[in-house]
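Peer 1: Below are the chains, spelled out letter by letter.
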Amino acid sequence: MAAAARFPVAPLVIGALVLAAALPLVSSNYVIDVGLTVVTYAILALGLNIVVGYAGLLDLGYAAFFAIGAYTTALLETLLHLNFWETIPFSMLLAGVSGVIIGFPTLRLRSDYLAIVTLGFGEIVRIIATNLDITGGPNGLYGINPARLFGHDITSPKAVYELGIAFLVVVLVFVIRLGRSRLGRAWTSLREDESAAEAVGVPTLRVKMLAYVMGAVIGGLGGSLFAARFGAIDPTSFTYAQSVTILIIVVLGGRGSLPGVILGAIIVAGLPEALRFIHLWREFAFAIALILLMLVRPQGLWPARLRHIAAPSATAAHAVPEAEPSALVADEAGDVPAPHRGTLLEVRGISRIFGGLRAVSDVSFSVRQGEILSIIGPNGAGKTTVFNCLTGVLQPNEGSILWGGASLVGLAPHRVVALGLARTFQGIRLFDDMTVFENALVGMDHRYRVPLVTEMLALSGARREAGRHYAACRNWLEFVGLADQAGMRAGDLPYGDQRRLEIARALAGQPRLLLLDEPAAGMNPTEKQSLMGLIRRIRDLGTTVLLIEHDMLLVMGVSDRIIVMDRGGVIAEGRPAEIQANPRVIAAYLGTEEDDEDVGALGAVA
Amino acid sequence: MSEFLQLLVAGLTTGSFYALIALGYTMVYGIVRLINFAHGDIFMVGAFLGWTVLSALAAMHMPWGIALLLAVLLAMALTGGIGVVIERFAYQPLLSAPRLSILITALGVSLALENGVLLIYGPGFETYPHLVSTAGFVIGGAQISYVQIGIIFCSLALMAALYLFVHRTFMGTAMRALAVDRDAARLMGIDVERVIQTTFFVGSALAAVAGVMEGLYYTEINFFMGFIVGLRAFTAAVLGGIGNIPGAMAGGLIIGLLEAFSAGYVSSRWTDVIVFAVLIGTLVIKPTGLFGERVVERM
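Those protein sequences? They're chains A and B, same order as listed. Counting from 1, position 553 in the first sequence corresponds to residue 553 in my numbering; the numbering is continuous, with no gaps. Counting from 1, position 167 in the second sequence corresponds to residue 167 in my numbering; the numbering is continuous, with no gaps.
Careful: at least some of the hints might be erroneous.
What the simulated footprint calls covered on chain A by chain B, stretch by stretch (three residues with Cβ under 8 Å from a Cβ of chain B suffice, anywhere in the stretch; the number is not a length) [to be verified]:
hint	stretch
1	121-134
2	277-291
Facing chain A, a subset of chain B residues (Cβ under 7 Å, in silico) [stated by the list, open to error]:
hint	residue
3	Ala59
4	His61
5	Met62
6	Pro63
7	Leu95
8	Gly108
9	Leu111
10	Asn115
11	Gly116
12	Val238
13	Arg269
Since the hints were derived computationally from the structure, they do not count as laboratory data. Heads up, the beta-carbon is just placed ideally off N, CA and C, and yes, glycines get one too.
This is chain B alone, in the form it adopts within the complex:
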């Protein structure tokens, strides 16, 4: 029982990262039908930017609460900005080109981000400053840290905020309109370019938060960390039904739990096989993911 609880909390924690990153995949896909293969690396860039700010502030002996808040906000703003710049230069010119072309530029951006960070920060690991204590509490025999609880609640709060943003603001309504029909949205006077840029900003900023969380949780970050996490988050987005926001949240948590339990009860060597087998099995039964809607085609 205690092992189960331990794994459950660990799964929810990593699931929170995946959910936050999956939201970026799913929002971008919903609006421009692009699988943004660079998104995992955006997450990695967010982790590095957060690390840079946090290290600088820690060196200035700032109280850790304020330092962390500043680091998260700055990482969000900067990473969001990078997301917008990438969209403007690498994706926007190809939005009406064949879909595969834009997929390849996304792969190119992914490579460029990885190698850019490699050039700036070097190939080794960077260690997040130990600002947050590793303290925690024991419940039902399971050791749970405050960091885990903080991460889970923080990401739930962000998801709730995103939900309100998408459903209660004009920009959110515009996003949903674009997801249904971009041309009709343009004809209705929506500034399509700005909506797309906002989507990239929000998606990238959420990934940056996940990056900082990952740094705090695992303490070490590396230029290559975006690949595997990005892959899991992408899997989560597809599992939930790509383009569907609640689906991405649920998918993230499911993948996180699946990973924790398969590592705990089987072996971490087989985690990916289990995750992908579940994904493929789900898609065979429900081809559009758990929450995805069927696209009906008119003849």
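Chain A on its own, in the form it takes in the complex:
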């Protein structure tokens, strides 16, 4: 991975594309024909790569979108006499709509179930095409006109090939821009940890759906090109085997890696041609080669680069005054309607029942603006369940949660984040295979105001906003002490740094309330000391902190108020000194004297 990152990839790919475009000058029609097959597969694989490589979802029926594009072009040309270019928007639109159709039932499924559902979808599309009269049944459709450009039919193999290269370049630019956009980051975060992505503000259901739609749109475009190339199509071009071939290209090349995907297309489409001399053994040899290549390089031949966006330098980041943490937080506080400035969050009588267990029972408390409030209690007291209810991960069975006067109950986690509550997790949940900087960016991405299209076109407004976000994220990393590690892989950070990155990722969303779930777990005394300082600095910026923690030194040292929970209920509430003196709290932690007497009595009997 590191070796690939040092490689000057961009000039190499451009050089390869120029060479590929110049291929017809020196090659026979046979080579050009194989070349066009490679180009078609490369386009399709770039589309599937969005689903498989970027978003980490599975699609074994991708050929269906290819089919929909091809049949749309064929039908519109033969029935309505549209020309090739006029049919393309319809191909892409129809493929995109079917992306929604396939995406919808699969949204709630785990990846292994996706395999069969997408496979089934692919088969359904193929069987429908084979059985309907309008699609020409098993014989398919023919008499599709070639593309026309500047009054010339694009019919010669070399001309069609150049058209294919042009399409490939367009698709390539599109997927590069997508990969660097907030949507690309959202896909990667989804791939790395879906629940964590949702919890930092990624609308995971919509983002998943968009992966299928974007992949489908590119598949549709590939289908149109295919129809114009051959002038005739039939269902045998859109089989499960075709879907599998495209998937093999993506995984063999290196999922998520654009040069890898193109390399995969060259190998998978070109290798069988190169193996023609062994005749019958060809397919068998290809299968064995595929197994061996995967064994030798499980990540693919050209694995994806880790870093998509570099963090700005310290001077560049501090040159943007509105991207300083203090300015960002002050900005948020200004939005609060005056009557709610005192109490930020009010929890009224919430309960949560698992099976027969009341994990949380009639819990009420309120969080005041600008304080550090801690929830303590023995293991199993229901602290994390309260957190999960507040952040939308779980819904309480009873009670209400009011945020600035409005209810939070029933909102998806990413909606709660957008309202200004951000959290960290008891067990660290970072996006391991993303950089430290991009982890923080994901936390901030829900704050984008410009539309995605503007961002992908890199219009000036979008560039300005992106610049501000990059500067802010870098400053948040600096705030927690990770500025120098911005380019590292998040999964490679030492334990304490991973904890701090989780905090930075949550802060990047500019929450008004930060919920920390056992941030000191596993830290050594020095790390705890610096964590205490960090929590105070967060509060001093103006962000309210709600903390779950077992470390009493930290809790007593940092909290303004403390809530004690035991067996699902609140048993005490007050200042640290009051809590330390409260007999019920001491009983919950150490057992009561009556218990001691019981133990003594038992001892006497024995």
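With chain A held as given, fit chain B onto it using these hints.
Peer 2: Chain B alone, transformed into the frame defined by chain A:
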């Protein structure tokens, strides 16, 4: 009524194949979380090995009962062995690699098996020797053959045996332990490698039985037969809740019946559309299949 009964028996017969093959998918998935895309082709290999043995024995004029028994046992042993070899060389090195990599090697193994059989046996159909008579009986106007009855009972017996194996033996307990937590099982002193190999052996052997049954029932076998049957069996495993053994059995029978009735009452051209539509519909309502349990994640 007679048509219904006819279709019911036909559906249960094909459902028996699907159930036996679905068990292989589901057991392997339960233990190593791999969708073994080569499993349909393992079934095909089993059918060919059974055919080879049976043809050889038939040529020696062995009584058909003994010949069939030998053919089934040999096909089971050999196919099971092939399953273990595949696991050892193509899957085991990738068990800790990204999930998609191992999926691709499974697809590679599938291609290799198909083309390997193509190279050895050629592209045409092979015909199973007519050892078993096509005789049968008529009940309620439906023509039912002894082969159908034999297949249904044989596969029910195998499923019962598997159930006992998984629940009453040490190896079966080890398998269930692995399915819950492979690392914890290793720490408890279970020879994880051997359990995985046993799982592949048992799954492949069951598929081989289904292969021989298919040969006896339809009489013709082909190198490409593993794809569609494998696909149906995989669908059955997912429908029942992948990783769940009773689910695979039920799923197999449901898919078999669905196929028979949709072919009988609609049209065989639409069978796959109906099967997949039922599957997708079921998963929309119950995302983990009929018998699958919800995986609860701790935050």
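Peer 1: Each of the hints needs a verdict: does it hold here or not?
Peer 2: Against the structure, the hints:
Only when three residues or more bring their CB closer than 8 Å to a CB of chain B does the claim for the stretch 121-134 of chain A stand; here the count is 7, and the claim holds. With 9 residues having a beta carbon nearer than 8 Å to a beta carbon of chain B, the stretch 277-291 of chain A meets the requirement of three or more and the stated coverage holds. The beta carbon of alanine 59(B) is not positioned within 7 Å of any beta carbon in chain A (closest approach about 27 Å), and the interface hint is therefore violated. Checking histidine 61(B) against chain A: minimum C-beta separation of about 35 Å lies over 7 Å; hint violated.
The beta carbon of methionine 62(B) is not positioned within 7 Å of any beta carbon in chain A (closest approach about 34 Å), and the interface hint is therefore violated. Checking proline 63(B) against chain A: minimum C-beta separation of about 38 Å lies over 7 Å; hint violated. With a cut of 7 Å, the hint placing leucine 95(B) at the interface with chain A is violated, because the nearest CB-to-CB distance is about 10 Å. The closest approach between the C-beta of glycine 108(B) and any C-beta of chain A is roughly 4 Å, which is under the 7 Å cut-off, so the hint is satisfied.
A hinted interface residue such as leucine 111(B) counts as satisfied when its beta carbon comes closer than 7 Å to some beta carbon of chain A; here the least separation is about 4 Å, so the hint holds. Of the supplied interface hints, the one on asparagine 115(B) holds, with its beta-carbon coming within about 4 Å of a beta-carbon of chain A, less than 7 Å. With its C-beta approaching chain A no nearer than about 6 Å, glycine 116(B) sits inside the 7 Å limit, and its interface hint holds. With a least beta-carbon distance of about 5 Å to chain A, the hint placing valine 238(B) at the interface is held under the 7 Å criterion.
The interface hint given for arginine 269(B) holds, since its Cβ lies 5 Å from the closest Cβ of chain A, which is under the 7 Å cut-off.
Checked against the numbered hints given earlier, this structure breaks hints 3, 4, 5, 6, 7; the rest are met.
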